[in-house]
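Enquirer: So the chains spell out like this:
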Amino acid sequence: MDDQNLSTTRRRFLQTTGATGALAATATTVGLPLGDDTAQAQGAASGATKITKSICHQCPARCGIDVYTTNGRVHAIYGSPNHPIANGKLCPKGPLGIYVLYDPDRWKSPMKRTNPKKGRNEDPKFVPISWDEALQTVADRLNTLRDKGESHRFSLCFGRGWGASCAGLLGTFGDLYGSPNVPIGHSSMCSDGSILSKQCTDGNASYSAYDYRNCNYLLMFGASFLEAFRPYNNNMQVWGYIRGEKTPKTRVTAVDVHLNTTLAAADRGLLIKPGTDGALALAIAHVILTEGLWERSFVGDFKDGVNRFKAGQTVDPASFEEKWVKGLAEWWNIELKDRTPKWAEGITSIREHNILATAREFGSTRPAIALFERGAHAHSNGIMNGMAIHTLNALVGSLYAKGGLMYQMGPSYGAMPVDEKAYMDDYAQNGAWKKQPRIDLKGHVDGYLLAKNMLQEVGPNHLKGKPYKLDTVMFYLTNPIFTAPNGQQWEEALKDVFVIDTSPFPSETGHFADLILPDHTYLERLQDAPTYPFQGWPMAQLRVPAIKPLYDTKYFGDTLIEIGKRIKGKTGEYYKALGNTENVIRHLAKGFEKDPGDNGVNSFESWVEQGVWYKKPYLWQQIGGDFFEWDGKAYAKPMSADDVKAKLFKTPSGKFEIRSGYLEKNIDWVAEKTGRDKARLMFPVWEEPKHPGGGDLYLVSPKTAMHAEGRGANIPMAIAHQQPVVGGRKQVFVEINPVTAKARGISDGDVVKIKSAAGQIEVRCRLYEGTRPDTLVLPMEYGHWAGGRWSKNVFGGHCGHATVNQSDRVTGQCNYYTTKVTVERA
Amino acid sequence: MTKWGMVIDLEKCTGCQACTTACAMENNRLPGENWQDVLFYHEGTYPNVNLSWLPRPCMHCENPSCVAVCPTKATWKTEDGVVLVDWNKCIGCKYCMIACPYGVRFYMDEKATIEPDTRAAFPGDGTRSWNPPYRMPDAMEDPSKGIGIQPHGVVSKCTFCYHKISKAPKGVADLDEANPATREHTPACVRTCAPKARYFGDLDNPESRVSQLIADKGGVRLKEETGNKPQVYYLSGGGAPVVPGQRSNKKA
Ligand code: SF4
Ligand code: SF4
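Chain order of the listed sequences is W and V.
In terms of the numbering used here, the first sequence opens at residue 261 and continues consecutively.
In terms of the numbering used here, the second sequence opens at residue 5 and continues consecutively.
Calculated from the structure, these hints are not laboratory results.
Some hints here could point you the wrong way.
[Stated by the list, open to error] Subject to a maximum C-alpha distance of 16 Å in a straight line, what follows is the list of computed EDC-like cross-link-like pairs (lysine to aspartate or glutamate):
{"no.": "1", "chain 1": "W", "residue 1": "K1052", "chain 2": "V", "residue 2": "D121"}
{"no.": "2", "chain 1": "W", "residue 1": "K533", "chain 2": "W", "residue 2": "E605"}
{"no.": "3", "chain 1": "W", "residue 1": "K509", "chain 2": "V", "residue 2": "D142"}
{"no.": "4", "chain 1": "W", "residue 1": "K1052", "chain 2": "V", "residue 2": "E119"}
{"no.": "5", "chain 1": "W", "residue 1": "K310", "chain 2": "V", "residue 2": "D142"}
Treat the numbers as computed from the prediction; the structure is a model and nothing was measured.
Excised from the complex, chain V in its bound form:
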C-alpha cells in the first residue's frame, strides 16, 4: 500500500518561503494561515551568530495524535497515509490543535493576521467562509477532505495537496515535478521549491527517491519522543544524521 511521505533537505533549503506561498495560492489560504511555513531561529553573539531555519508542513504522522483526540472522527487518516479533516464533521472544538505536537493546524475564524481582513475584501457565499476571485476550480474542492475554501468554524491543515496526489497514476514511487507524468500530481511546495530541497514519494516503496534519501543521507523526524512517527523526514547534509534519530526505537 502506498504511504505518501516527504523529505526536506535542509542543506539545500534556502529559506525562501516559496513553498509557503505556492501552498497558500494552490490551497487558497488566508495570509498567516500557513499550512506550510518556514521557522527561523538564531543564536550566538555578534559576530559569531548562527541563523537557521526549518520548513514545516503537516507531518502526516503514522500515529497522528490529532486523529486520536477528535471526538467526531472529522480528522482521519487515508489509506495512503495522509491526515485530512472532514469539514462536514468538524465541530471546531480545536482538540486536534492542542494535540498536534507540530502546531500545523489552523482555525478559520481567528483574528486576521493582515489587516484589512482579506475575508472582508472577498466575502464568502453561503458555504464558503470567504471567496477569493482566484480560488481553485470548483471541481477540485472537497470538504470531506478539507480541500478548497473552508466553511466557518472548522479546523484546516496541509493535505499534502490531496486533490493532486490522489489522482496520481497508481503504483508510482515518486511524485516528481520533473517528470511530466507526475508533475500535476506533485504537491505545490515540492513542485515549486527552487533548490529542490523537497522530495515526495511512497515511503513503502523501496525504489522511491524518498526511501533512498532517508537511508543514504540519514533522514530524521521531528520530536520522535512523541511517538507520532512523522511521514516527513529531514536531511541535514551528511551521510548520517547530525543527531542520531530514534526510528530504531520500536516502542514508539
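For reference, chain W alone in the conformation it holds in the complex:
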C-alpha cells in the first residue's frame, strides 16, 4: 500500500503503531463542570450572532448558505438548512468563503494603470482613483466609440453570471449601446458541447436536470461527479443516499481517464482512452438493441414484436414502429450494426466483457441515467460523443421519467422596472454596428455557425484583427488570459486594447488591465441567482450582504448601471430610470407576490429572510411512454403530441431525434467545415478525434474538489488540500503512470517538462497507477503568475499553456482534453 500523504502526520500514524501499547494505562479523567450556561444553549446563534442568508459563490451550484456574523466579524459559513440544494450541507469549498471576504490581497478601491507597457513582467503601477473618475473614463471611451459608429469595438466578456441583476443586464446594454459583443459568455469554454448535444437530439439547448434519488443505475462519462460536477454539494448528498440508504442501492459505472474518487467509489470504474467515449456509448447502444433491452413503451418496437437487430445485419426501417424517437432503424443500419463491444474495445481500450456487462446492467435496470460533461465532449468529435451518450437515455426511456432527466424551469420573476424598448434610439436600432459580426465569429459561417459563444476566440481574433480590432474590453467573472487554452496568445492580444477588469481580486487579466473596477466579494453583495439545472422545478436564490463592504468596491451590476447612466442620449436615460440593482431585485421579487414559493416567500422582504424562493413540483412527467402534466395533485393530465413538442421535445419532429433535424438543417455548412459525410453527419456516429499538439501523450486537465471555477486559488486552506488523492497538498502534481515514467527516466517527484505545439510548462510529477499510460493528468488550477500572494507562490505551470486552442466546429466547445504532449525530466 502506498502512502499518498506527504505530511508528517500520516507517517507518524504508521510509525507509532505498537510503540504505545505500554502507555495504555489508566487515563486521567478530569471532571468538567458543564456549568449552568445551558440558558444560552443556542451556542453560536446566541446573543450578538446574526445569521444572514446568502449563496455560495465558489461554483455554479448556488448552495444556500447561513453566514454567521458576530460583532461585525464573519466567522462561519454553514449550508442553509432551508435551502433545497444545500440542505444544511456544504462541499469543501463552501466553508472557505470567509477567506474570500478577508483576503488581504483584494483590491481596495478602483485602480488605474500608470505603466502603459503591458506584459507579464511589467508592473502595471496601479494607483487608486475615485469611482467617479473610473466610471467617467469608461463612459468617455464608450461615448467616443459610439459617436464614431464603432461601438461594436467594445466587448464585455463574462464567465460566471448569476442572475438578472448582473449578467442579465448585459444583453440590454448591448442592445441600447449598440454592440454585438456585449455580452460574450464563456459557455464554449465551459460545457457547450453538452448543451448542443441536447439541442441536436431533444431540442433543449440546456444542461439537464436529474432525478438521481429515484434512479437505480448511473452511467457517468467524465464529469467528475464526486469532485466537480454541479451541484457538487447536492451530488454528494445524493451519493450518501443512493449508495448508503436507498433500497435498492443504485449501481454506478463511471468512465474516466484516471482513477479519481468517483471511479473509486463506483461499482465499476472504466479507464477509457481520451476522446473515445462516443465509441463506448455506441457499443452499449448496440448491445441494448441486439439483446432487446430497449424501453419499448418509449422507443417503439418492430411491428411484429420480433427483434431483428443482429450484429452486422441491416433492418428494414419500415418494419420498426418508432414512438418517441426518430431515426433509430436508420441509425442502426448506417452505424450501430457494426459497433460491437469487440469493435469498441479496439477504439476505447476497455475490455469487451466490461462493455458487455455495463451495457446489460444499464439496459436492464430502470430507471437509468447516462450523464456526461466536459471530457466526453471536449474533443473534435464532441457533438458525436455527446449525442451518442444522450441517446442511451432515450433507449432506456429516461427522458422526463421519474428517476430520469429533464430540463430546468425558470423562476416567476417580475418584470424589469423599465422597458428598454422605449429607450432604443436610432443608432441602437439601425446603427452601423448591426452589420458587424461578433468578434468571436459565433453564429458566422466563417467561424462557428451553431455555437453559443466563442470566448476562446476573442483574444486570437483581436490579435489577428479578424474580423476587426477591439478598442475596449471589459471582463466580468472571467480570467481568460489564464483559463483560455494557449493563454499566451491572450497575453499578446490584450496589449493593444483598453482592458477593464471587475474582479475583486488581482489576476492575470487584471495584470493587463488599464482600469480595475472592483466588485464586492459575495458576502457583501445583494445579488439574485436563479438555480442552475437541478431537479427541474423553479428556484431563485438571493445573496444578502452579511456585512457592509469592507472596502471601496461596487457590485458589478451597479457598476454597469452607473456606466450606462453616463452614456449619452436615451441609453443614459434608461439607466437613470433603472436606478440601481436593488431596484431591479425588488421588481424581480414582485413576481413572487403572484406566485408565492413553497416556503411562503412572496415579497422582497421574505426573499431576503429565507434566501430562496422555490416551487415544486416539476410540471411534466413521462410515464410508460405517455406524457402527463401536473394537474395540481398528480401527473394526470395527458399531453398531446403537440404539447410534448412545444414543451418537452423541441425538435422539428417533436420526438427525440437520433437523426438530428437541427444538424440536417445546417448540413451543408457542417459538411463543408468538418468534411463529414452528408449521409451520416446528423446521426451520432463514430469519428476519430483530432489530437493537435504533436506529442505522444494526451494531456487531460480535470478539476479537483477544491477547484471548481478556480476561485479558491488564493485561499491557503484550499491550496493545502488541492489534490489530496495523490498527495498534492500545497502543489498540484501531474499524474504519470509508472510505466510511462520509467520509459522516460522519470522518477516520482521529479520536475518534468510538458511540451506541445502551444507551449511548455514545468510541473512536479507523481507516479500513479491509476492514470492511463497514454495520458498525463494535470488538474486545472495552479501556475498563476499573477494574483494573490498565495496563488502566485505555488510551484508548477498551468496546463492551459500546453493546451492547443482547438474547438469542436459544431458545438464550439473548447477541446481542453485533447492536446497531445511530450514529457521529459526538466
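Dock chain V with the ligands against the given chain W, drawing on the hints supplied.
Expert: Positioned in the frame of chain W, the structure of chain V with the ligands alone reads:
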C-alpha cells in the same frame, strides 16, 4: 453519564474534505494543521487499482495514551468523554504527540505548510499566536479547553467542537444537524458532511443513532491493539465488519 462519540460510514464518505475545511474554519486552524483530515491510499497495478481514503479526526480515546504521558496534566479527559488540551498548562514538550497512535496532534510553531505564512498575514496580538480577521467570537474561546486561537508553544487538537457540544441540551442521545434543537451543538465536520457519512452522539445511550449504527453495521475502531479504545467508530458497508473488530477483547 454522557460519552460522546462519532461514527464515520466509509461506504458513504466521498473523500471530499468538507469535514476538514469546515473544521478548519470553525476552529481557526492554520493550513496544514488538520485537526481533521482525510488520508488517501492506493494499491494495485493499472488498470486494476484500488483507491481508498480514511477521514481521521481525533479518536477521543477511552484510554488516551496522550493523557497518560502529559507531565503537566495539560491534556485531560472531560467527564463527557472528550480529550482536551489546557493551553494554560501545556509546556509544548510534545510527549503527547509521540504517544498518540493516530497522529492527530499539532504543535503550533512548526514551519508553515503553505507559504507565505498565514500567521504573518494575520499577526497575533498578545496571547493569540496569530489573529485571522474571521476568528471565532471571543466569547467562545477557552484556552483551558484548547478552544480558539492558541498561544505560541502549545499543542492543539480536535475538541469534538467542545464549544458547541458542551452547550447541548442535557441528556440528548444524538447531536444531529438535521434537528434544529441540536444543529448548533453538532460538531462542524458532522454538520457539514454532505453524504451524511458522519454521526455524533452519546455512546452510553442505547437509544443513540451512533450506538445503533455500531451494532447494526459493525462499527470498528482503528488500532485496537493499542488499547486506546477510540470513541470514533468506522463502518464499511456490511452488516458485519470486513475485518473482525477486537472490542470483545476485554484485556485491552
Ligand atoms: S457545491 Fe459549489 S456552491 Fe455548493 S458549497 Fe460547494 S462550491 Fe459552494
Ligand atoms: S465531509 Fe464527509 S464525505 Fe467529505 S470527506 Fe469528510 S466524512 Fe467524507
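Enquirer: Run every hint past the structure and note whether it holds.
Expert: Checked hints:
Of the supplied pair hints, the one linking W:K1052 and V:D121 holds, its CA atoms being roughly 14 Å apart against a limit of 16 Å. Between W:K533 and W:E605 the CA atoms are separated by roughly 10 Å; this keeps the pair inside 16 Å, and the hint holds. Distance check on the hinted pair: W:K509 and V:D142 sit about 46 Å apart at the alpha-carbon level, beyond 16 Å; violated. Distance restraint check for W:K1052 and V:E119: the Cα-Cα separation of roughly 10 Å lies within the 16 Å cut-off, and the hinted pair is therefore satisfied.
Under the criterion of a C-alpha separation no larger than 16 Å, the hint pairing W:K310 with V:D142 is consistent with the structure, at around 15 Å.
The structure fails hint 3 only (numbered hints given earlier).
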